[in-house]
Amino acid sequence: MVIGNEYVFENILQASAYILEHEKEALANDKTRQKARISYPFPDFTKPFEEPNIRIIPPDSLEYPYAAYFNDADDSKFIMNKLMSGRYSLKPNLRNRKFLFRGETEFHNPCKPSLFRNTKKKYFLDYMIHGDEMFYLILSHPLVQLLDLGVVLNGELVRFEMNLYGLIQHYYNKSGLLDLTSDMNVALFFATQKYDWETDSYSPLTDEIHEPGVLYYYDIDFYRDFKTLHNQEFLSTVGLQVFPRSGRQRGFVYQCPMDINFNDLSQVKAFRFKHNAEIAQSIYESMNGGEKLFPHDVLQAHWKDVARDENKVSLKAIHFNLTRNEKENLDSIRAKLENDYHINVEDYEPVLTKEELHEYYKAVKDQNLWEDFCNQIYIPGDTNGKMMADLLDVPNKPEYEWAFKEGIEHEIDYDKGFLLKAYKHILQ
Numbered sequence: 014m015v016i017g018n019e020y021v022f023e024n025i026l027q028a029s030a031y032i033l034e035h036e037k038e039a040l041a042n043d044k045t046r047q048k049a050r051i052s053y054p055f056p057d058f059t060k061p062f063e064e065p066n067i068r069i070i071p072p073d074s075l076e077y078p079y080a081a082y083f084n085d086a087d088d089s090k091f092i093m094n095k096l097m098s099g100r101y102s103l104k105p106n107l108r109n110r111k112f113l114f115r116g117e118t119e120f121h122n123p124c125k126p127s128l129f130r131n132t133k134k135k136y137f138l139d140y141m142i143h144g145d146e147m148f149y150l151i152l153s154h155p156l157v158q159l160l161d162l163g164v165v166l167n168g169e170l171v172r173f174e175m176n177l178y179g180l181i182q183h184y185y186n187k188s189g190l191l192d193l194t195s196d197m198n199v200a201l202f203f204a205t206q207k208y209d210w211e212t213d214s215y216s217p218l219t220d221e222i223h224e225p226g227v228l229y230y231y232d233i234d235f236y237r238d239f240k241t242l243h244n245q246e247f248l249s250t251v252g253l254q255v256f257p258r259s260g261r262q263r264g265f266v267y268q269c270p271m272d273i274n275f276n277d278l279s280q281v282k283a284f285r286f287k288h289n290a291e292i293a294q295s296i297y298e299s300m301n302g303g304e305k306l307f308p309h310d311v312l313q314a315h316w317k318d319v320a321r322d323e324n325k326v327s328l329k330a331i332h333f334n335l336t337r338n339e340k341e342n343l344d345s346i347r348a349k350l351e352n353d354y355h356i357n358v359e360d361y362e363p364v365l366t367k368e369e370l371h372e373y374y375k376a377v378k379d380q381n382l383w384e385d386f387c388n389q390i391y392i393p394g395d396t397n398g399k400m401m402a403d404l405l406d407v408p409n410k411p412e413y414e415w416a417f418k419e420g421i422e423h424e425i426d427y428d429k430g431f432l433l434k435a436y437k438h439i440l441q
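My numbering puts the first residue of the sequence shown at 14, with every later residue one more than the last.
Calculated directly from the structure, the hints in this document are not laboratory data.
Since we're looking at a predicted model, the values are computed, not measured.
Using N, Cα and C, we set each Cβ at its ideal position, and we do this for glycine too.
Treat the hints with care, as some may be off.
Listed below are the simulated EDC-like cross-link pairs for lysine to aspartate or glutamate, each with C-alpha atoms no more than 16 Å apart in a straight line [claimed, not checked]:
(1) Lys429 <-> Glu412
(2) Lys305 <-> Asp213
(3) Lys375 <-> Glu298
(4) Lys187 <-> Asp234
(5) Lys367 <-> Asp310
(6) Lys44 <-> Asp234
(7) Lys434 <-> Glu422
(8) Lys418 <-> Glu369
(9) Lys207 <-> Glu298
(10) Lys410 <-> Asp395
(11) Lys325 <-> Glu351
Quick list of simulated restraints, FRET-style, between CB atoms [to be verified]:
(12) Ser74 <-> Phe137: 37 to 47 Å
(13) Asp277 <-> Asp406: 24 to 34 Å
(14) Leu343 <-> Lys134: 21 to 31 Å
(15) Gly99 <-> Ala290: 45 to 55 Å
(16) Leu170 <-> Lys378: 20 to 30 Å
(17) Asp406 <-> Gln47: 35 to 45 Å
(18) Glu359 <-> Lys134: 22 to 32 Å
Start from the sequences and build out the full structure, keeping to the hints where you can.
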């Protein structure tokens with residue numbers, strides 16, 4: 014049988030079973046991963062380059078950069094994984110994963126991110142500006158601020174990565190990213206369900222004469238992926254964040270340039286399948302109609318009910334846009350938004366409302382929000398459990414309680430943050 018774009022599986026379960034079996038074989042034969050598991054040298058940047066600057070970092074160390082691949086954690090855990098920036102991502106466990114997955118209800122060629130699907134469009138200011146506004150909104154959340162500033166765990170300051178671009182992709186915004194997941198069940202959902210923008214809801218695709226759906230797998234390159242290449246990180250982690258959606262979806266994103274067709278990437282394979290109404294309904298029910306993947310959170314509520322007005326944007330969003338749009342200035346962007354796209358620019362701060370923050374603080378108190386967040390995390394090298402104990406105790410420490418308890422006065426030192434420092438000139 015021919016496998017690939019030419020062959021159409023009888024249903025999505027046959028396609029997924031084939032992919033997962035193929036993944037097992039690929040993982041067993043992955044010699045590079047087997048070699049790295051034994052030992053792998055890393056530069057020691059604490060030494061001058063004229064001296065030997067190679068060190069061996071054991072896989073059971075918090076410093077080990079490949080902890081997401083080599084760990085003793087349950088597959089459901091998110092691995093605290095050190096990045097080149099010194100921060101930590103909370104990466105879905107890749108111990109038993111060779112592939113990442115993507116599902117679509119029909120095959121598109123070319124396959125491109127939402128930002129580039131209109132082939133006649135060459136300038137994307139009207140699309141990007143709403144994501145820029147969401148950046149500011151996300152950074153107004155107390156817990157996002159705290160994790161960016163960092164918390165002390167067993168005597169070590171630990172700062173967490175907030176993948177802003179990945180997050181805006183998960184909340185309605187067009188971007189140059191394509192979603193991937195380490196959970197096949199998530200890909201099955203998106204490959205068999207229709208989305209209704211007006212109601213922000215999903216329903217099973219029951220039209221069995223519909224164009225065949227497609228399941229993708231992306232073959233993880235152990236040495237190249239999740240690394241910066243030519244100042245660009247093509248594959249990155251969204252993973253577990255303050256806002257639960259990306260964690261539920263075991264989210265990763267691939268930054269796909271405008272001139273690239275995802276279908277043509279050497280690491281990507283696409284498998285088509287016939288739609289089956291009964292299977293689609295079963296998948297829909299297994300995900301509670303999508304609620305398992307799209308749980309209620311304060312960011313969703315704000316963006317859906319307050320900030321979804323596509324005809325309005327803040328001055329703050331323009332300032333964010335200028336950080337990567339060097340050919341423009343405030344006046345030129347404002348003129349284009351108002352004259353070319355009929356988007357009104359207004360002087361307001363796109364922050365969480367007092368009522369939304371009250372909802373967050375109440376969830377911390379009544380719903381064990383922080384404890385549930387921590388219990389999803391695996392910390393490499395934490396053999397005595399001291400770091401996890403400190404993480405769980407963060408809300409009880411006076412220096413951090415402002416992020417968990419309502420009404421506590423505090424002043425943020427933006428210079429101690431990572432994103433907060435980078436965008437200090439906008440946020441203050």
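Hints, one by one, checked against the model:
1. Among the hinted pairs, Lys429 with Glu412 is consistent with the structure: their alpha-carbon atoms are about 14 Å apart, no more than 16 Å.
2. Taken as a hint, the Lys305 and Asp213 pair is honoured in the structure, with Cα atoms around 14 Å apart against an allowance of 16 Å.
3. In summary, the hint linking Lys375 to Glu298 is not supported, as the alpha carbons are separated by about 30 Å, beyond the 16 Å threshold.
4. Proximity of Lys187 to Asp234 is assessed by CA-CA distance (about 27 Å); at most 16 Å being required, the pair is judged violated.
5. Taking the CA atoms of Lys367 and Asp310, the gap is near 15 Å; set against the 16 Å cutoff, the hint holds.
6. Proposed proximity of Lys44 and Asp234 is supported: the alpha carbons are some 12 Å apart, at most 16 Å.
7. A distance of roughly 21 Å separates the Cα atoms of Lys434 and Glu422; the hinted pair therefore is violated under the 16 Å criterion.
8. Between Lys418 and Glu369 the CA atoms are separated by roughly 14 Å; this keeps the pair inside 16 Å, and the hint holds.
9. For a cut-off of 16 Å, the pair hint linking Lys207 to Glu298 stands: about 14 Å separates their Cα positions.
10. With a C-alpha separation of about 20 Å, the suggested pair Lys410 and Asp395 falls outside the 16 Å cut-off, and the hint is violated.
11. A hinted pair counts as satisfied when its Cα atoms are at most 16 Å apart, and Lys325 with Glu351 qualifies at roughly 9 Å.
12. Checking the proposed 37 to 47 Å range against Ser74 and Phe137 shows it holds: the Cβ atoms sit about 42 Å from each other.
13. For Asp277 and Asp406, the Cβ-Cβ distance of about 50 Å falls outside the hinted range of 24 to 34 Å, so the restraint is violated.
14. At roughly 23 Å, the beta carbons of Leu343 and Lys134 sit within the given window of 21 to 31 Å.
15. A hinted range of 45 to 55 Å for the beta carbons of Gly99 and Ala290 is consistent with their spacing of about 50 Å.
16. Separation of Leu170 from Lys378 is about 27 Å and conforms to the stated range, judged on CB atoms against 20 to 30 Å.
17. The given range of 35 to 45 Å is respected by Asp406 and Gln47, whose C-beta atoms sit roughly 39 Å from each other.
18. Remark: the range hint 22 to 32 Å for Glu359 to Lys134 is upheld by a beta-carbon distance near 25 Å.
Going through the hint list in order, the structure does not satisfy hints 3, 4, 7, 10 and 13.
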